[in-house]
Amino acid sequence: MTHPHTKLELPVIRSISLNPILYTQPPSYDALHTKLSSFIDAATGISNKASLKLQISDEILPFMKTCFPSSTSKLVKSPHSQTDSAHAALLHVTQSLIGSLPPSELFPLVDLWRIAVLDERIAASLSLAKNLADAPGLIFRQVQSSQDQSSGLPRNLLLTVLRFTSNCFAVPSLARHVLNPSSDTTRSESPRSTVTSILIPALLHEDSAVRTAAASTVFNVATYIQKPLMDYQRNGAKGSVPFDSNEDGEWIVEIVSALIEGLKTEKGNQDVETLVPLLEVLQAKDVLAGKLEPGGCGPEGVRSEELRKLIQETIDMYFTDMD
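Here the sequence shown is numbered in the working numbering, starting from 263 and rising by one per residue.
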């Protein structure tokens with residue numbers, strides 16, 4: 263049976279691209295190299311500093327500069343042997359540094375991964391690791407652990423990790439891996455739960471750039487879920503439903519609740535524009551409608567005519583009586 267929402271005329275909502283939001287601009291590799299090397303030199307408890315720095319300078323950075331030059335955000339294909347060698351080197355450096363450097367000094371390393379996962383071969387390889395046992399899992403768990411500490415999570419690391427997470431959706435197999443809802447015998451928490459525990463506080467973070475990066479990641483999560491559901495409806499709702507209403511539904515409610523709380527506090531048009539397309543039911547009508555009123559988003563409310571239409575369509579979609 264066709265879902266009633268598919269019959270609504272919602273041109274602005276239907277015009278929203280379902281392509282993932284990606285952070286493809288490469289960093290300044292030389293500046294990154296200098297900073298990361300200085301962190302390694304100053305660290306205690308690292309016995310192989312020279313070999314780690316050699317791997318960075320001779321294997322990782324040449325690959326990155328060739329495949330992802332700073333002058334462009336376009337990927338340049340590299341021979342498989344060079345890709346595999348750089349990936350192995352980057353993983354080894356990550357395993358050596360992730361527990362040795364303080365959280366405030368990990369962002370250059372994560373920034374390398376932010377770009378590396380845009381490579382399909384590297385992303386595909388990462389997606390084969392059991393329960394995030396590879397680099398993404400190491401990074402996510404380190405961030406999760408740092409969140410629980412009294413000193414909190416450094417902004418530079420959180421922002422870079424969120425952008426890295428967004429880029430994990432460039433390749434569907436890695437996105438599926440990151441959102442795996444199942445745990446294994448080695449960990450009680452699933453990869454999806456680990457990522458969610460990072461995303462939700464970030465949506466409510468005091469820093470606007472962090473909230474925007476978190477919202478971008480949640481947008482990628484939403485579109486990853488939405489695409490198979492749309493295909494299911496286009497096929498006349500035949501076959502198995504690509505959605506577990508019990509397990510997935512509770513998780514989505516958790517995400518949407520954080521989105522609505524974030525939207526309540528937003529006053530800037532750009533931040534509201536990032537959050538609005540993600541909202542679903544959950545007491546959202548009053549929050550959305552309030553953004554159209556004076557004081558709800560600046561002195562005059564939302565000014566953009568296109569964004570006002572989008573908000574109104576969202577209200578119509580989720581709160582119109584379908585009976």
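Note that these hints are calculated values from the structure, not bench results.
From the three backbone atoms N, C-alpha and C, an ideal C-beta is built for every residue, glycine too.
Careful: at least some of the hints might be erroneous.
[What the hints assert, rightly or not] For each label pair, taking beta carbons as the anchor points, the in silico distance ranges come out as: (1) Ala551 to Thr306: 20 to 30 Å; (2) Gly560 to Asp469: 16 to 26 Å; (3) Pro331 to Lys311: 22 to 32 Å.
Okay, the hints, checked on the actual structure:
1. Checked against the hint of 20 to 30 Å, the pair alanine 551 and threonine 306 fails, with Cβ atoms roughly 56 Å apart.
2. Our hint of 16 to 26 Å for glycine 560 and aspartate 469 holds, since their Cβ atoms are close to 19 Å apart.
3. For proline 331 and lysine 311, the Cβ-Cβ distance of about 28 Å falls inside the hinted range of 22 to 32 Å, so the restraint holds.
Of the numbered hints given earlier, the model fails hint 1 alone.
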